[in-house]
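Residue numbers (this note's numbering), protein chains in the order written: chain A, 1 to 251; chain B, 252 to 512; chain C, 513 to 790.
If you're looking for bench data, these hints aren't it; they were derived computationally from the structure.
Computed footprint of chain B on chain A, listed as stretches where at least three residues anywhere in the stretch have a Cβ under 8 Å from a Cβ of chain B:
id : region
1  : 81-90
2  : 95-103
Each pair of labels, with its calculated beta carbon distance range:
id : chain 1 : residue 1 : chain 2 : residue 2 : range
3  : A       : 39        : B       : 417       : 30 to 36 Å
4  : A       : 212       : B       : 412       : 30 to 36 Å
5  : B       : 486       : C       : 643       : 32 to 38 Å
6  : C       : 545       : A       : 40        : 24 to 30 Å
7  : B       : 417       : A       : 79        : 27 to 33 Å
8  : C       : 545       : A       : 67        : 40 to 46 Å
9  : C       : 669       : A       : 130       : 32 to 38 Å
10 : B       : 417       : A       : 109       : 28 to 34 Å
11 : B       : 381       : A       : 94        : 27 to 33 Å
Bear in mind that the values here come from a model prediction, so they are computed numbers and not experimental data.
Here a beta-carbon is modelled for each residue, glycine too, at the ideal position from N, C-alpha and C.
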Amino acid sequence: MSTVVRLEDVDVSFGTRRVLDGVSFSVERAEFVGLIGANGAGKTTIFRVVLGLLSPDRGSVAHLGRHVGYVPQKVVIEPDAPLRARDLVALGIDGERFGVRMPSRARRARVDEMLESVGAAEFADARVGTLSGGEQQRVLIAHALVGNPPLLVMDEPLANLDIKSGHEIVELVARLTKERGLAVLLSAHDMNALLPHMDRVVYLAEGRAVSGTTGEVVRSDVLSELYRYPVRVLDVDGTVVVVGGHDVQVR
Amino acid sequence: MFSGIMTNAWAVGTIVAVVAGVVGVFVVLRSAAFVVHGVPLSSFAGAAGASLIGVSSVVGLAVFAPVAALSIGWFGRRRRRDVVTALVVATMLGLGALFLSWSNEYAAQIYALLFGDVLGVTDAELWLSAGLAGAALLAVAVMYRPLLLTSVSAEAAAARGIRSGLVDMLFLVLVALVTTTAVPVVGALLMFTLMVGPPAAARAVVRSPIGAMALSVAIALVTLWASIAASYVTNWPIGFYVGTIGAAWVLAARAWSALRR
Amino acid sequence: MTGFFQSDPVRVALAAGAVTAVVSGVVGVFVVIRGQSFAGHALGDLGTLGGSGAFLANVNPLWGFVGVGAVVAGAMELFGVQRRRGRDVATGVVLGAALGLSALLLYFDTTTSTTTGATITVLFGSLFAASPQAVPEMAGLGAAGVLGVVVVFRPLLLSSVSPDLASARGVPVRAVALGFLVLVGVTVSLTSMVVGTILSPALLIGPAATALRLTRRPGAAMAGAAVIGLIATWAGIVLSYASDHWPPAHRGWPISFFVVAIVFVTYLGVELVARRAR
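Let the hints inform the model, and build the full structure from the sequences given.
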């Protein structure tokens, strides 16, 4: 296995507020890693560090190649904006370049192939702004992956999706991870949708992180240590519930 | 209608329509209607100042339009772009009022600057307009992909290493270029309708960015040609026709897309 | 400076300017909070239509400004200014059509009358030419504007912060938005009398934006904005009066220039200090 990105002992502070505190974890090839934590735990800051938009006050970030495919959390596109799904995916090839680029058959084929592999071929010519949340996610994944990056970073892709579309997106990402040998770092505030597909979890609380397999990390003693507060992990009919407080009784 | 001094009007009108139609697609994509209204209005001060020191108003426009565009971009780069735009425009117009009070300009000439004048285009200005328009079109071609990507998502663009602040400034300079080209013909108050009306109508009909540009240019051409002809025949100001025809296109396009649903 | 306060036009200007500055400050704070600067600016521009129409019909321009301001505010609301998405295109389209019409009316003004001043007066204002009878009318409108803000203050503030929250509490959000835009239309018609239609947004937005940099409490911001506006307007009148013999033309510099310059410099100064302080 080769490491695609590794964070070691990363600290980030904004003013006097420590947002990340000694965060270490890595993502390997063909590995689906879930970044779990409540709102405000520091997930977006970790992404900014991984994307190279923010350099940490302390610690190191090692990359296998600079190129990272990124799916931002919220993309608001007006329904009548003249931008088709295929236009957005084509911008994933070289959208950052200045200069004139003539359309070519090879580019078109590459875009079509990418749209096909995320299951977006049927709405390739629809306006992005008119697509449903799940459909937009597929197009954004195609946009992020068409340049063949070794790492895909997704910021809360399930936040605005219904349960069914959420599961479909997770399944799609899991399939792409194995098929393409992709490293995936996907954030969510609830891990249950990810449990069947996640290889490893990075659990984030108040700027600190623990990483490992779900069996290693999502345990009462590990999370209590992370939160520095008594926390219980409960299994309710296969759904993991994390609750805090002394008054929780576990049979 | 097609001879003598009118030749320049048709030529400049065509140039203006093409460049405004192309750049307008990005204006609408980026929701920049206020800026596109504000930059020409601000450049009015430049035209007033130019007549004071006895140079062509195009020179004044060419100086003040970028100054206005860049101050809006610079002061508004963190937040409150709309507040800053309103204030920069007002300040520049205040300067314009001052220059007017110093000069002995006739009301008719000021009126022409604000509401457009098809007959006022000299040969030298025609060539200058053509050059500026060429530069603007070249800039759009070169910046096309980053311009489009930053319009869709600043975050996705940043992850690809695009500095959206820089692209935004370049876009404002582009607006200033178009302003300098178009204001002498269409007027400072109404130039923006050419950059909002045709693209807003085009995007309701066409789905791809390139297609939207093509249709937007076509609509702008029809609008401007019709306005020049009508203005010539009735002797009424061209701004009246550009403003009302521009709004009519948007209404028609909305009706069309409502009917298709 | 002798005779400054004896001059009737000056006294009229000071009174009209004071009324305007206070109303603008109060209404402007909400324009800035609601992010409606473009709408405020557009309503100012659109006053041109009313002003030029009034000139043509030979009635007091104030009533032209007020009538058109109120009607166009309603049109903009119907066209979808209340939505964040696409509203600037809506504003732009309404603005374009109305400005086109103003161009025509001003054209008739300049061709039918021998006085060439219509364009300049309407667009850039001429406070010294305001008639003494206009002052009570402006004061009445101003008082109505301030009263309007006082009455809708709480629902307006709530629906500016979160329309969803407001409608959950039973606030008629669209009616409040429409009422507020009409209020902005009336306010801008007052400022149009002082600094002209295309400069009126400066007085509406500048002092309010400055005051909101200094305090976060809406009530205090309104008071602050009124004071800043008042100082700018009165200083503008004094300077304009004093500039009668200044170079290069040895005529008075326009009031609107001074007012706008003072407003802008104040905003910039406060902005820079506030940034430094952080």
